[in-house]
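Fit chain X to the given chain P structure using the hints.
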Amino acid sequence: MKARDLMRRDLTSVEPDTLIYEVVYLMEQSGLSTLPVVDEEGKLVGIITEHDLIHAALPEYFDMLHSISFLPNLNQIQKRLKEMAFRPVSEYMKEVTSVHLDDEDLHIADLLIRKRLKQIPVVDGEGHLVGVIRRIDILSRLIR
Amino acid sequence: MILTVTLNPTLDKFYWVDHLPLSLERAEEEILIRARKSTASAGGKGINVSIFLACMGVETVAMGFLAGHTGQIILRDLLEKGVTANFVWIEGENRTNVTIIEKGREYHPVKIHEEGPRIPSHAQEIFLRKYRRMLKRAEYVVLAGAIPPGVPDTVYRELTQEAKEAGVKVVLHAGRRPLWEAVKVGPYFVKPDVREELMVGDMPVRTEGEIIAAGKRAVEYGCQACLISHHVTGDVLITPEGIWEYEAKVPLTKFKNLVGADDALVGGVLYRLARGDKLTEAVRFGMAAAVASAEVEPKMCLAPAAIEHEMRAVEVQFKEGL
Numbered sequence: 001m002k003a004r005d006l007m008r009r010d011l012t013s014v015e016p017d018t019l020i021y022e023v024v025y026l027m028e029q030s031g032l033s034t035l036p037v038v039d040e041e042g043k044l045v046g047i048i049t050e051h052d053l054i055h056a057a058l059p060e061y062f063d064m065l066h067s068i069s070f071l072p073n074l075n076q077i078q079k080r081l082k083e084m085a086f087r088p089v090s091e092y093m094k095e096v097t098s099v100h101l102d103d104e105d106l107h108i109a110d111l112l113i114r115k116r117l118k119q120i121p122v123v124d125g126e127g128h129l130v131g132v133i134r135r136i137d138i139l140s141r142l143i144r
Numbered sequence: 001m002i003l004t005v006t007l008n009p010t011l012d013k014f015y016w017v018d019h020l021p022l023s024l025e026r027a028e029e030e031i032l033i034r035a036r037k038s039t040a041s042a043g044g045k046g047i048n049v050s051i052f053l054a055c056m057g058v059e060t061v062a063m064g065f066l067a068g069h070t071g072q073i074i075l076r077d078l079l080e081k082g083v084t085a086n087f088v089w090i091e092g093e094n095r096t097n098v099t100i101i102e103k104g105r106e107y108h109p110v111k112i113h114e115e116g117p118r119i120p121s122h123a124q125e126i127f128l129r130k131y132r133r134m135l136k137r138a139e140y141v142v143l144a145g146a147i148p149p150g151v152p153d154t155v156y157r158e159l160t161q162e163a164k165e166a167g168v169k170v171v172l173h174a175g176r177r178p179l180w181e182a183v184k185v186g187p188y189f190v191k192p193d194v195r196e197e198l199m200v201g202d203m204p205v206r207t208e209g210e211i212i213a214a215g216k217r218a219v220e221y222g223c224q225a226c227l228i229s230h231h232v233t234g235d236v237l238i239t240p241e242g243i244w245e246y247e248a249k250v251p252l253t254k255f256k257n258l259v260g261a262d263d264a265l266v267g268g269v270l271y272r273l274a275r276g277d278k279l280t281e282a283v284r285f286g287m288a289a290a291v292a293s294a295e296v297e298p299k300m301c302l303a304p305a306a307i308e309h310e311m312r313a314v315e316v317q318f319k320e321g322l
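Chains as they are written, first to last, in this note's numbering: chain P, 1 to 144; chain X, 1 to 322.
Chain P on its own, in the form it takes in the complex (with noise of 0.2 Å):
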């Protein structure tokens, strides 16, 4: 099965100076963990993720000591989001691995299993965003 079988045609995507705050009220509302980030052509230039997010609030400690049991309450983490909320999407996104429209499923479950994603975009040959293949996408359709 190819990509464009098995993907949600779901463009809901951000811009790289969309702001934080704006990031985080569209995934409340829309529900989705992970979001694509476009150009003005639509084209697909990074992703950000709720994880992304939480690991930029959290002190730089947090790398050394894995864990944040330690911090009295999350006071550190929501003003390190308050001062992130007015910066854009293009200072914390990462680089995107994305598949195309033809690629096959064996090939986009390797990708998602290697690589611990979510989520892969799907590009078309200009590479616009096209659509998602979520990580359930595949599992549905390998149990039914």
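Treat the hints with care, as some may be off.
[To be verified] Mimicking BS3-like on lysine-lysine, the simulated pairs with C-alpha atoms at most 27 Å apart in a straight line are:
#	chain 1	residue 1	chain 2	residue 2
1	X	Lys136	P	Lys43
2	X	Lys37	X	Lys103
3	X	Lys81	P	Lys2
4	P	Lys118	X	Lys81
5	P	Lys43	X	Lys103
It should be emphasised that the hints constitute simulated quantities derived from the structure, not laboratory data.
If you're wondering where the values come from, they're calculated on a predicted model, not measured in any experiment.
For chain X alone, kept in the frame of chain P given last:
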């Protein structure tokens, strides 16, 4: 690709009942109506056109505003039907429109339409940016349906201008002031919605003469085609080349659900225009799609063979040149 704009999407709920008591014999009595069947599906004029096109295999993208749990249901239905969705999410809840169809009175349904959520100005700005981006990939754009609270009546005029500047043909399927404001900047194809008021702009459209006068005015503004309903099974097409009368020779008693028939008409016209058909033939197919849709219980007939079959019932007559 055909882009559709539905600024006020809806979850269309249909109830089919054997009997619909509309008056109470005793003041203290409550009315319990048991539906023998019910359905719910994504709706709104532009969304209906997108669903029709996607089912005919045409690439289509639906745009507008989604909100809340109802918005999630609308999105899911669209994606399942093969429509690409590019919506702006807002707070609140999309509207639900209820239609009650009584056995034996199928062509007189009872409808309750909600107003829909207020659209914040910031969300309108985001929509406009997305709209401009999608216009670069569109051949036609359909601007259709009711305007939600918070959005000015001139919105279709602005969206028409944007599309024309981008070289995209505009199909306008709306009513009242939002329609007429946009007509003044010359969209390609106009299908006035005259369900609530038999007026187009400040002109009545009760008689064929009045319909032709209104259509001619639209053509003077630069429209290439104006299709106005004369009665349930008859439409008049006014273009710079002339006037055509369309009549579907079908008894009203065959109709089971008229909701969505007009949207199937617009979808049918676009489907054939995108294939390269002549406008007059495309309208004939659109009329057949409308008739086929009215003859089935679901909102629209999405079976090409059934629509082709109805082509035989649609007669076209050239009336006069302009």
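The hints, checked one at a time:
1. X:Lys136 <-> P:Lys43: 12 Å, holds
2. X:Lys37 <-> X:Lys103: 11 Å, holds
3. X:Lys81 <-> P:Lys2: 18 Å, holds
4. P:Lys118 <-> X:Lys81: 24 Å, holds
5. P:Lys43 <-> X:Lys103: 51 Å, violated
Hint check: a violation occurs at hint 5 only; the rest are consistent with the structure.
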